[in-house]
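Colleague: Just need the whole structure built from these sequences, with the hints factored in.
There are 4 protein chains.
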Amino acid sequence: MPVRVGILGATGAVGQRFIQLLDDHPTFELAAVTASESSAGKTYRDAAKWRVNTPIPDDVASMTVVETDPSSIPDDVDLLFSSLPSGVAAEVEPAFLEAGYVVSSNSSNDRMADDVPLTIPEINPGHLDLIEVQRDARGWDGALVKNPNCSTITMVPTLAALDQFGLESVRVSTLQAVSGAGYSGVTSMEIIDNAIPHIGGEEAKMETESRKLLGTFDGTEVDLHGMEVAASCNRIPTLDGHLENVFAETAADVSPEEAAAAMREYPGVDLPSSPDQLIHVFEAFGRPQPRMDRGRGDGMQISAGGLQATDAGLKYNCLAHNTIRGAAGASLLNGELLVEEGWV
Amino acid sequence: MPVRVGILGATGAVGQRFIQLLDDHPTFELAAVTASESSAGKTYRDAAKWRVNTPIPDDVASMTVVETDPSSIPDDVDLLFSSLPSGVAAEVEPAFLEAGYVVSSNSSNDRMADDVPLTIPEINPGHLDLIEVQRDARGWDGALVKNPNCSTITMVPTLAALDQFGLESVRVSTLQAVSGAGYSGVTSMEIIDNAIPHIGGEEAKMETESRKLLGTFDGTEVDLHGMEVAASCNRIPTLDGHLENVFAETAADVSPEEAAAAMREYPGVDLPSSPDQLIHVFEAFGRPQPRMDRGRGDGMQISAGGLQATDAGLKYNCLAHNTIRGAAGASLLNGELLVEEGWV
Amino acid sequence: MPVRVGILGATGAVGQRFIQLLDDHPTFELAAVTASESSAGKTYRDAAKWRVNTPIPDDVASMTVVETDPSSIPDDVDLLFSSLPSGVAAEVEPAFLEAGYVVSSNSSNDRMADDVPLTIPEINPGHLDLIEVQRDARGWDGALVKNPNCSTITMVPTLAALDQFGLESVRVSTLQAVSGAGYSGVTSMEIIDNAIPHIGGEEAKMETESRKLLGTFDGTEVDLHGMEVAASCNRIPTLDGHLENVFAETAADVSPEEAAAAMREYPGVDLPSSPDQLIHVFEAFGRPQPRMDRGRGDGMQISAGGLQATDAGLKYNCLAHNTIRGAAGASLLNGELLVEEGWV
Amino acid sequence: MPVRVGILGATGAVGQRFIQLLDDHPTFELAAVTASESSAGKTYRDAAKWRVNTPIPDDVASMTVVETDPSSIPDDVDLLFSSLPSGVAAEVEPAFLEAGYVVSSNSSNDRMADDVPLTIPEINPGHLDLIEVQRDARGWDGALVKNPNCSTITMVPTLAALDQFGLESVRVSTLQAVSGAGYSGVTSMEIIDNAIPHIGGEEAKMETESRKLLGTFDGTEVDLHGMEVAASCNRIPTLDGHLENVFAETAADVSPEEAAAAMREYPGVDLPSSPDQLIHVFEAFGRPQPRMDRGRGDGMQISAGGLQATDAGLKYNCLAHNTIRGAAGASLLNGELLVEEGWV
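Protein chains in written order, with UniProt numbering: chain L, 1 to 344; chain D, 1 to 344; chain Z, 1 to 344; chain X, 1 to 344.
No wet-lab data here; the hints were simulated from the structure.
Just so it is clear, CB atoms sit at the ideal spot from N, CA and C, and this is done for glycine as well.
Certain hints may be false.
[What the hints assert, rightly or not] Beta-carbon label-pair distances, calculated as ranges:
#: 1; chain 1: Z; residue 1: Asp276; chain 2: D; residue 2: Pro26; range: 22 to 30 Å
#: 2; chain 1: D; residue 1: Ala261; chain 2: Z; residue 2: Arg45; range: 21 to 29 Å
#: 3; chain 1: X; residue 1: Phe285; chain 2: L; residue 2: Pro70; range: 37 to 45 Å
#: 4; chain 1: D; residue 1: Pro26; chain 2: Z; residue 2: Glu37; range: 44 to 52 Å
#: 5; chain 1: D; residue 1: Pro55; chain 2: X; residue 2: Gly201; range: 24 to 32 Å
#: 6; chain 1: L; residue 1: Pro57; chain 2: X; residue 2: Arg264; range: 17 to 25 Å
#: 7; chain 1: Z; residue 1: Lys49; chain 2: L; residue 2: Gln164; range: 45 to 53 Å
[Claimed, not checked] Anything over 12 Å on all C-beta distances counts as not near chain Z; from chain D, calculated:
#: 8; residue: Gly12
#: 9; residue: Ser71
#: 10; residue: Gly201
#: 11; residue: Glu258
Modeller: Okay, structure coming up:
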């Protein structure tokens, strides 16, 4: 029996990716699409300026968009995906939790809140149990689960693979695609023949979220991982796919070959949208590249390459599709895990 | 009285920049342009596929291109600028030195040779005295001086400014423009909507040249600076201007404000092509950007910005015009220093 | 004695170009900068998000921005340049005319109005006399003069040169730079690895404005030129410079060589901002190109090339810098003509 | 029973597309891949620098590349696809014909030869009978069939649909993707922030091939269509997908609506690689766009849009994927037609 799901903020760029990824999903059935008041009452086709390069699924095109309010959601919907702007999400997500909904949210608010699980199914599925703490603390029946920022999720699987060697310090520099800023986030005048350093807020997200994801959950709270993380985040003229240069130092010595093996062998999960192998490691230098490799594993696989020893540790590159694995796909996978673990 | 100069490899991309920069130069007068055998005998206009966006100076256009051989150079030429491919340079530069010419070379061969000064006039002018060692060792009257690679020269002035605090470790990630690979070095199919990690050879250059530039010359040899340097070099779809993210650790604590002050106050030199201030430091985050800032100081100024403290040190961004400060302009400035110091 | 001028809408993209072009102008002195109510009272430096790649002139940076209202303009200002959004211009330009100001406007409203001169100084300076008709009709002391749209002005000088052969039909296809849509007009997600046909409103402007510019003024009204014009306008991922493919049919036979000669010999004007030669014609095919040629004549020269005979006439390419010759520079040149002809 | 096929020039850009398109083909089975002497004997994986963004099919990766010579082709291969450079093709294609092979060739040589069918299955399948003339003339058992140039094939289906109204004159301006010049054909320095008019040779191909494709075959020769065609061809910074602006004049009046209907109703063919509908016509202006629409019908559908009346006829835009419908896919479809019609 399919799980009926809804999308909060369904007309935006990430909302459109949700719709694309939910099309022909084996267990989820889309039953509600919400947007702002001005779009409510319109068909989805009329409300959304569709920009994904596959057509709108016919059944979604004719759905009526409803307001982003618990009272607008059909009773048989069990799981909501949220791609609301973080300011809006901070206001309306509590109402959905109070009304008992399980919300898998891509919005950046509350990611570092003590009682909100920030999860990647392959990395820290056990953090989902923080939902118990959350329910106790807030007195609600619903549940709020977050996935990390697109720049964080690109790097963390490779760090998780290396943590067996004792991660002490990470420096990371990102080359991020324009889609990460939303459809209208970066103007063409800003970025053609250019690059923009210091993407606002992005560096702090990478520096904190990564330590929560790799932190230890003792049943009550998540103890942040002790590694030092410093990030520099840059926007470049690329459509999709964040490429990152990582410099990592570990307590134990680790060769590039050992590091590559650890990445390749890092276990995946068995969920409908998870890739067969979590991390693909290129032998050849010069890879991964955004346009060539963002589509691996239908946009859900992490790529790594260029592993080399430095005087103090390792350097390597990693890459993920920022609007699939880094946004809608990340929330979707969390949703699949929530079902698998019986939270929905 | 002007110094008469020549350009070895005058028809290539860097050669064209030399011609542009020498036009109306206050002390240098272009008297010879060399190229490969197939171009010798043609006018420069016919031999060069001119791609710089200012017209060929009329007097240069009508000059006859000669072979890259000491016998082809007029007797009254005192100084040669070299932008030969490094393989060719390795073969022919010795012949020019033996013939007594002073050569300021942008070619990458011999940059790390024990008896070859690798200099940036504002950073290590004293290394020029290595010419004495070179002449003793090789028994030649000429002199060979090198400037560093474009990615190295972008970062080193900022490191020089920080070295008063005791540089211990540097990690740097680059976002490099396509012009750094030469006119045909990067195809459009490779780079549109893409980025390419691990530019061949570039990382090793940054890791070694920077330590020589900041090394100590004791009259006999250059002792490399002891800092650890690890570089990851990426090509992005930008025409000119290398942007770099630096993570630096120093023995002494240094705040972003102190670091910015040290950069701003780092002394320049008084040569015709040097900028008024060596390093411009932006207050606002989000700068420097390649297209906006590569032209500062006629392409000879270094820009920096985004200075922030990390757990272990500092992070910041820097930028330079890779084909001016990073190539032809660097050799030109070395040539001006050679004249100023009496070597020509 | 300098003419004191003001800029209406000085903080936008075209306004910034006006300021850049007026810096060190031989006869104009900038005395007033206006913007919307929210900017009034601020210094220009604080009010404008400066994006031109030369610094804000110091004297302008410290000027106080005033509201776009005649009462805000100092009494000794004689000439105003307008780069207001056309909706705003349609509302406020009449107030300035009524108050007696001469306004040289780049805004698109009223370009085809019967009593408004639409002029390019080199093409139809005589149309300025329509000001008499305008003053009679409207009972005002001021004067409103318009320059054409950037896509129109790129093509019309070449057509003017060919009209001696009797222009009958023109088909033109444009490859337009993103700056033509304003700083935020085209998002990076829309245009990277893409092109957009049918720029809204642009095709109609080219089809009508060109016929007015080449029309005949009999002292009372402008009789539109009888040629048929059909335009297809496309946006491409280029920063500045509109490239256009023209197919022209003339009553008399004309060879590519005769057409090239007619373009080269087309007379210029002697105004401070006009180029030495109005149209530069390339011999070699493959030119003009936007990035290589938009800067010719400080952005005020038209380039043409690729002239060939077709079965029915001629085909060729032309190019102009869309935000200089196609916007701020066009208004500025009209202002210089207004002074020269005694209207200011 | 599958038809066994080979690819001449299998390692190049178009060769790679052939391999991608033949993977899982319902009736063709790849049995031979040829390349230049230096690649012969290697596995395909080692010989080809694979750049398509799907992996090399495993069975092809391990195939041994053979020399481009009839003696290297297994006896049971019946049909060859050629993506050889035209100079090479002109030399070696005759040898394959003499040896009795049927060759469906994308190479540009001989497209306008009197006895060579130039075909698009949906447009002029009857021209295939020119093979009889070819065999008579050359005395060979084989057959050579060509598909048109990528810029031609983008436009011709729309013209075919309009020819019922009596095409008299066509002017067309193209915005062509860089992949049309081959992987290394356009450097990044040439095209970033730029456009290049007058692609060498392309304009003549459009002007002649279109008239042959729409010409009349009387059993002996093809009488070229009488319409006048003038083309201007431009390269823009787009990866794949040629966008074209067409201005067409017809003997009979035709409204945009009638033209759109004629395009939509233009019949397709029933071959494995043909799209369900040959031409998709957009209602909304602003489409088709290369990145959004090149993938329609797996890259085999033609898109059109922006139909409007001009004083003298119609203007509209059309688009096709230049390396699929415009190259490898075009040859493949011709191969499917050759089988269907019994020539193989």
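Colleague: Give a verdict on every hint.
Modeller: Hint check:
Against the hinted window of 22 to 30 Å, the Cβ-Cβ separation of Asp276 of chain Z and Pro26 of chain D comes to about 27 Å, which satisfies the hint. Separated by about 23 Å at the C-beta atoms, Ala261 of chain D and Arg45 of chain Z satisfy the suggested range of 21 to 29 Å. Between Phe285 of chain X and Pro70 of chain L the beta carbons are some 40 Å apart, a value that agrees with the proposed interval 37 to 45 Å. For the pair Pro26 of chain D and Glu37 of chain Z, the supplied restraint of 44 to 52 Å holds, since their beta-carbon distance comes to about 51 Å.
Between Pro55 of chain D and Gly201 of chain X the CB atoms are about 29 Å apart, so this pair conforms to the stated range of 24 to 32 Å. Between Pro57 of chain L and Arg264 of chain X, the C-beta spacing of about 23 Å keeps the proposed range 17 to 25 Å intact. In this structure the hint that Lys49 of chain Z and Gln164 of chain L lie 45 to 53 Å apart at CB holds, the actual value being about 49 Å. Under the 12 Å C-beta cut-off, the non-interface status given to Gly12 of chain D relative to chain Z holds; the minimum distance is some 18 Å.
Its beta-carbon lying about 35 Å from the closest one in chain Z, Ser71 of chain D satisfies the requirement of being farther than 12 Å from that chain. Non-interface status of Gly201 of chain D relative to chain Z is upheld: no Cβ of that chain comes within 12 Å, the nearest being about 29 Å off. No beta-carbon of chain Z comes within 12 Å of the beta-carbon of Glu258 of chain D; the shortest separation is about 27 Å.
Comparing the model with each earlier hint shows no violations; every hint is respected.
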